[in-house]
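Asks: Mind docking chain B on chain A? Use the hints.
The listed protein sequences derive, respectively, from chains A and B. 1 is the number of the first residue of the first sequence in my numbering; add one for each residue after it. 1 is the number of the first residue of the second sequence in my numbering; add one for each residue after it.
Because the hints were derived from the structure by calculation, they are not lab data. We treat Cβ as the ideally placed atom computed from N, Cα and C, and that holds for glycine. Zero decoy hints are in this set.
Computed footprint of chain A on chain B, listed as stretches where at least three residues anywhere in the stretch have a Cβ under 8 Å from a Cβ of chain A: (1) 60-72; (2) 105-116.
Pairs of lysine to aspartate or glutamate residues, derived as DMTMM-like cross-links and limited to a Cα-Cα distance of at most 25 Å, are as follows: (3) A:LYS6 x B:ASP127; (4) B:LYS176 x B:GLU51; (5) B:LYS35 x A:GLU88; (6) B:LYS106 x B:GLU182; (7) A:LYS258 x B:ASP41; (8) B:LYS148 x A:GLU18; (9) A:LYS6 x B:GLU92; (10) A:LYS258 x B:GLU7.
Here are the chains, one letter per residue:
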Amino acid sequence: MSRTLKAFPTLLRIGLAEAIAYRAEFFIWMLTMTMPLIMLALMSTLAEEAPIGNFDSPRFVSYYLATLIVRQLASSWMVWEMMREIREGTLSMRLLRPIHPLSGYAAESLASIPMRALFSTPIALIALYATSGRDVTRDPALIFAFVLSVAGAWLLNFCISSIIGTLALYLDSSIAIWELWLGGFMIFSGYLLPLSLFPPWFQTLAHVLPFSYLQALPVEIITGLHGRSGAFWELGHQWLYALSALGAMLLFWQRAIKRFSAFGG
Amino acid sequence: MNLISVEHLTKEYRVHERPPGLMASLHSVFHRKYKIARAVDDLSFSIRSGERVGFLGPNGAGKTTTLKVLSGLLHPTAGTVRVSGFDPRRREHDFLQRITLVMGQKQQLLWDLPPADTFTMNRAIYDIPKQEFDETLSELSSLLELGKLVERPTRQLSLGERMKCELVAALLHRPKVLFLDEPTIGLDVSMQAELRTFLKKYNERFEATILLTSHYMDDVTALCPRVIVIDRGHLTYDGDLTQLVHKVRPHKRIVLRMHDGKQETHDVAPSDLKATITRLLSGDPISDLTVEDPPLEEVMRDLFAERGDRVTNS
Numbered sequence: 001m002s003r004t005l006k007a008f009p010t011l012l013r014i015g016l017a018e019a020i021a022y023r024a025e026f027f028i029w030m031l032t033m034t035m036p037l038i039m040l041a042l043m044s045t046l047a048e049e050a051p052i053g054n055f056d057s058p059r060f061v062s063y064y065l066a067t068l069i070v071r072q073l074a075s076s077w078m079v080w081e082m083m084r085e086i087r088e089g090t091l092s093m094r095l096l097r098p099i100h101p102l103s104g105y106a107a108e109s110l111a112s113i114p115m116r117a118l119f120s121t122p123i124a125l126i127a128l129y130a131t132s133g134r135d136v137t138r139d140p141a142l143i144f145a146f147v148l149s150v151a152g153a154w155l156l157n158f159c160i161s162s163i164i165g166t167l168a169l170y171l172d173s174s175i176a177i178w179e180l181w182l183g184g185f186m187i188f189s190g191y192l193l194p195l196s197l198f199p200p201w202f203q204t205l206a207h208v209l210p211f212s213y214l215q216a217l218p219v220e221i222i223t224g225l226h227g228r229s230g231a232f233w234e235l236g237h238q239w240l241y242a243l244s245a246l247g248a249m250l251l252f253w254q255r256a257i258k259r260f261s262a263f264g265g
Numbered sequence: 001m002n003l004i005s006v007e008h009l010t011k012e013y014r015v016h017e018r019p020p021g022l023m024a025s026l027h028s029v030f031h032r033k034y035k036i037a038r039a040v041d042d043l044s045f046s047i048r049s050g051e052r053v054g055f056l057g058p059n060g061a062g063k064t065t066t067l068k069v070l071s072g073l074l075h076p077t078a079g080t081v082r083v084s085g086f087d088p089r090r091r092e093h094d095f096l097q098r099i100t101l102v103m104g105q106k107q108q109l110l111w112d113l114p115p116a117d118t119f120t121m122n123r124a125i126y127d128i129p130k131q132e133f134d135e136t137l138s139e140l141s142s143l144l145e146l147g148k149l150v151e152r153p154t155r156q157l158s159l160g161e162r163m164k165c166e167l168v169a170a171l172l173h174r175p176k177v178l179f180l181d182e183p184t185i186g187l188d189v190s191m192q193a194e195l196r197t198f199l200k201k202y203n204e205r206f207e208a209t210i211l212l213t214s215h216y217m218d219d220v221t222a223l224c225p226r227v228i229v230i231d232r233g234h235l236t237y238d239g240d241l242t243q244l245v246h247k248v249r250p251h252k253r254i255v256l257r258m259h260d261g262k263q264e265t266h267d268v269a270p271s272d273l274k275a276t277i278t279r280l281l282s283g284d285p286i287s288d289l290t291v292e293d294p295p296l297e298e299v300m301r302d303l304f305a306e307r308g309d310r311v312t313n314s
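Here chain A stands alone, though its shape is the one from the complex:
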């Protein structure tokens, strides 16, 4: 563990250098995550005449721009890299190193965040300017909770992405499962529509499932949809999910890696 912690800054530096080397592809990849902008245009227009639920037009602007920023900062796409390395057998190279392979994947995922922040910062400034900051919380405790919730969302995203990637050791490809997961994410995470606009039974279901902790929670905290106690209560739930997913990921990896048979020679 101490070796991993010691190596981590170097792994982050190298990961960032890789992200910079792939900058063109990286920015195009980020542009594929602009669905919130489409929803922003649609919903803010609809809300111009009358608010929808508790959302008027400026609140939709804050909500969707926050959604875009959180998605940029908290997403993890390691599933693709893992599946490729398992299928091609290049995972061997990670297994030969004296640090846990998942630490390497985590460093690569985290290292891309500064590049994503470069993309998100102008959006955040636009959001502040467009709404005069009306729906952005100024409470330091909630801002702190927001930072923790983004970190929790990243960890949960990373663990789930890794678990699905590891499934490639059992299946020919786990892409279909990832697509299924993304489908659930689109519906239950608040990515397309704020969860409070759905019927109560749906909100209860969304609250039980992990999806809202990947996306909606940080957005709701920063846009002031939660008070202090509500935010920290939900944050506790999120981290419980994230740490359980971390444990599940490590156990599953330990079991699944025995099946690695270095496809492709």
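Replies: This is chain B only, laid out in the frame that chain A set:
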């Protein structure tokens, strides 16, 4: 003292079997057929510290599978394996610190970054002290004449240059056990010779143990006094390389070069060698005469011909 010990190693793969075509594809959705392929079958051998051993066999003999089991990448189906006192499948950090596996067809270098970045990353991962890292890198770079290569993105290097950098990346932590799976594949003759010289020097300098598979018999001849031959996962020979040659091809080869540039070869039994040379020298004038063992390629071809297999050295 044995550094590597393999006892009754068996490794099986579960392989999905499906004939080609759409119908077979649809059929396999509901009825998947599997077969068990035994890549290594009751294999036993041991290697002492500091030895250089060639691991030979036809394609599909189980060489790479064995190397992967020895380096902890694959779990054995049966049998026990110990490397440097460790059970490889546990992949303990102290074990990984002592070994390296170089695969000619797989790379660890970061594709879009210069090799120097991979070296830096490996320094962090293997927790190599700065001074030791600088010394080793300088020594390896000088042995392999890397120069400024390490500052160019990996994708812009030639295959040979990349392979040199792969070796440096794999050896920076000064491993005591080297598993080399076709390290010279695809390289030109001079580059192959350079790598062989380098590996020999590394073995002598660090008293490292080397287990090498190669399709190039020159690699084996130059590097490995001992060879282990496997076929269909079974051990078929373990011993001195020269003795293997004499066992399979007991005759000697006389090579004659004539003044007009033509060349003749005569394979004769050792007992007939003197008489044959005398007879040949009394004939047409010649410019050169050498007596050699048959090339290892031919030895291997003979060794596996009886079994109707393709020979490793094509």
